[in-house]
Amino acid sequence: MLLLVEDNPSDEELTLRSLRKHNIVNEVVVAHDGVEALEMLLGENRIEPDLVLLDLKLPRVGGLEVLQKIRADERTKMLPVVVLTSSSQDEDIVTSYRLGANSYVRKPVRFSDFSEAVRQLGVYWLLVNESPNRD
Amino acid sequence: MSAGLRLAFVIAGGYLVGAGLWIAVSDRVVAAWIDDAAALSVVQTWKGLGFVVVSSILIGMAIWWFERVRDRHLEDLRETEVRLRASEQRFARFLDHSPLAAWITDGAGELTWGSKGYRPELMQGDNRRAVLAGVEAALAEQRSLVSVERLSRRDGPDADYLVYRFPADDRGESIGFVAADLAERVHDASQLRAELDALVYAVSHDLRAPLRSLTGFTTALQEDYGDRFDEQGAHFLSRIQDASETMGRLIDGLLELSGVSSQSVKRKPVDLAVIGRQEIERLRRSMPHRRVEAVMPASIPVSGDPQLLHQAVVHLVGNAWKYTADRDDARIEMRLERKEAGDEVVLSDNGRGFDMAYAHKLFTPFQRLHGEKRFAGTGIGLAITQRIIQKHGGRIWIESQIGGGTTVRFTMG
Chain S
717 MLLLVEDNPS DEELTLRSLR KHNIVNEVVV AHDGVEALEM LLGENRIEPD LVLLDLKLPR
777 VGGLEVLQKI RADERTKMLP VVVLTSSSQD EDIVTSYRLG ANSYVRKPVR FSDFSEAVRQ
837 LGVYWLLVNE SPNRD
Chain P
549 MSAGLRLAFV IAGGYLVGAG LWIAVSDRVV AAWIDDAAAL SVVQTWKGLG FVVVSSILIG
609 MAIWWFERVR DRHLEDLRET EVRLRASEQR FARFLDHSPL AAWITDGAGE LTWGSKGYRP
669 ELMQGDNRRA VLAGVEAALA EQRSLVSVER LSRRDGPDAD YLVYRFPADD RGESIGFVAA
729 DLAERVHDAS QLRAELDALV YAVSHDLRAP LRSLTGFTTA LQEDYGDRFD EQGAHFLSRI
789 QDASETMGRL IDGLLELSGV SSQSVKRKPV DLAVIGRQEI ERLRRSMPHR RVEAVMPASI
849 PVSGDPQLLH QAVVHLVGNA WKYTADRDDA RIEMRLERKE AGDEVVLSDN GRGFDMAYAH
909 KLFTPFQRLH GEKRFAGTGI GLAITQRIIQ KHGGRIWIES QIGGGTTVRF TMG
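These protein sequence lines are chains S and P, in that order. Numbering-wise, the first sequence is residues 717 to 851 according to the working numbering. Numbering-wise, the second sequence is residues 549 to 961 according to the working numbering.
These are computed hints drawn from the structure, not numbers from a lab. Built from N, CA and C at the ideal position, the CB exists for glycine as well. A couple of the hints might just be wrong.
Unchecked claim - Here are the computed distance ranges between Cβ atoms for each label pair:
#	chain 1	residue 1	chain 2	residue 2	range
1	S	Glu846	P	Arg833	30 to 36 Å
2	S	Arg822	P	Gly961	27 to 33 Å
3	S	Glu729	P	Asp736	42 to 48 Å
4	P	Leu744	S	Arg822	22 to 28 Å
To be verified - Chain S is nowhere near these chain P residues, computed Cβ spacing over 10 Å in every case:
#	residue
5	Leu569
6	Trp581
7	Val591
8	Glu623
9	Trp661
10	Glu689
11	Leu740
12	Val751
13	Phe765
14	Glu779
15	Glu793
16	Gly796
17	Asp876
18	Thr955
The shape of chain S in the complex, shown without the other chains (with noise of 0.2 Å):
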């Protein structure tokens, strides 16, 4: 399973395309804030994916105060996180490697290039990568 947070309505079908045209994975679920992700991953009624898509510029509340505070719980502390954003800001990257992001990766403005960057990231960190879910 994976938790995609995506405020950008084209951004988060195109992903979706991108995810169900190269079968990665059977479940996404879509946040479309920061309140609506840490409701999902630490609320009642929580989830458990394999993989957060994180994107930075949310309303609300911003990608990198939900990265903090699903490192900060004990229960989220070593969730996959990989930061998808179209900022290539130094501090934003710096920042998030130090709140503990596992990867930062900036989407490509080219849609081949975007849903390639998705299928690789789908590819290593579900089904390459050994994820911390051992249920």
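Knowing the structure of chain S, use the given hints to seat chain P on it.
Chain P in isolation, oriented as in the chain S frame:
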């Protein structure tokens, strides 16, 4: 003979003649008139005294008259001097109060006068070289020179000055200088530039997401509804994709260009030959059909920002690779040339070349000198490279001939 001397001779001569005549004649007359020797003696004495009295009155009058004339002259002189000094003071105060440094030198550049704003350090060492550069030639043609020069200061960091040099006479023996500290103005300009770059960066950045949607959903159309389009429809879709590709490249170019300015330059040892070779290898792998000879020394060591210089070399090598595409014996060369004024990095190709008449457009973003179809590119690579080199304090320039290859030279400042 001067007028004064002539006057002296005339007066002395006149007195000599007059007094001599008086003495000769009066003595004879009195002697003939008075017989008594005692009486004659008394009369002679009185006559002599009278002569002395008259002489002294005349001398006194003459001297008083001359003094008056002299006083008048002195007063005129003093008045002129006062006026001259007032005028000189007015100019000196004007120059001293203005933010300019003004000074005059002789034909050899040695100082003859300097305003309060002038400091000797402006004409010493490297500053002297910069200020006097080209002055001799300009002076020979009675021309003036003006340029912005970066001068060093003892009491602060280097600053940009607008320096005028001009002939101060028409014999080439006097040179005038005026220098204005541009620090304020240059700061404003660089602030504007920073704001502009931030704007360009922000806009380009925000264009990426919609562009991704454009290409994404067009691809979705092609993939999922491709069979519903006839040949014409499929063609239209592919044209949309092409246009989006171009837009994507332009946006990436703008992002790179505005991004360069906001970065600070880290000075580290960088080997340009390594970067050059890596890029050539990468191009060879992506276009294995191309036959290109690459000539470069084992290493070209410079000091600069590794990331920025990587970008610059990639752009230059990429251009050379691109514009030699229609040659089977393409040759790209990179080398370091040691020159007096500073080392030059040289990158040359034997490709298409271009008309030097349009050389000034080369570094302008998005200006291209060849038709779009033949040589794909955004036309922003050189603008980015120029900015990178300028950030390092260097200069970059290009020489080329149509059909005769192109040579890019730059210094690292």
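Now for the hints, and whether the structure bears them out:
Restraint check, Glu846(S) to Arg833(P): a C-beta distance of roughly 33 Å satisfies the suggested window 30 to 36 Å. Between Arg822(S) and Gly961(P) the beta carbons are some 31 Å apart, a value that agrees with the proposed interval 27 to 33 Å. At about 46 Å, the beta-carbon gap between Glu729(S) and Asp736(P) stays in the expected band of 42 to 48 Å. For Leu744(P) and Arg822(S), the hinted distance range of 22 to 28 Å is satisfied, since their beta carbons lie about 24 Å from each other.
With a least CB separation of 114 Å from chain S, Leu569(P) remains clear of the 10 Å interface cut-off, as annotated. Here Trp581(P) stays apart from chain S, with its beta-carbon at least about 129 Å from theirs, past the 10 Å limit. The beta carbon of Val591(P) sits about 125 Å from the closest Cβ of chain S, which is more than 10 Å, so the claim that it is off the interface holds. No Cβ of chain S approaches the Cβ of Glu623(P) within 10 Å, the least distance being about 79 Å, so the stated non-interface status holds.
With 10 Å as the threshold on Cβ separation, the claim that Trp661(P) sits away from chain S holds: the shortest Cβ distance comes to roughly 54 Å. The Cβ of Glu689(P) lies farther than 10 Å from every Cβ of chain S, with a closest approach of about 52 Å, so its non-interface assignment holds. With 10 Å as the threshold on Cβ separation, the claim that Leu740(P) sits away from chain S holds: the shortest Cβ distance comes to roughly 22 Å. Against the 10 Å criterion, Val751(P) stays outside the reach of chain S, whose nearest CB is about 13 Å from its own CB.
Not every CB of chain S is more than 10 Å from the CB of Phe765(P) (nearest about 7 Å), against its label as outside the interface. No beta-carbon of chain S is positioned within 10 Å of the beta-carbon of Glu779(P); the least distance is around 22 Å. Residue-level check failed: Glu793(P) sits 7 Å from the nearest beta carbon of chain S, not beyond 10 Å. Distance check on Gly796(P): its Cβ comes as close as 4 Å (rounded) to a Cβ of chain S, failing to clear the 10 Å threshold; non-interface status is violated.
Distance to chain S confirms Asp876(P) as a non-interface residue, since its nearest Cβ pair spans about 32 Å, more than 10 Å. Thr955(P), annotated as away from the interface, keeps every beta carbon of chain S farther than 10 Å; the closest lies near 34 Å.
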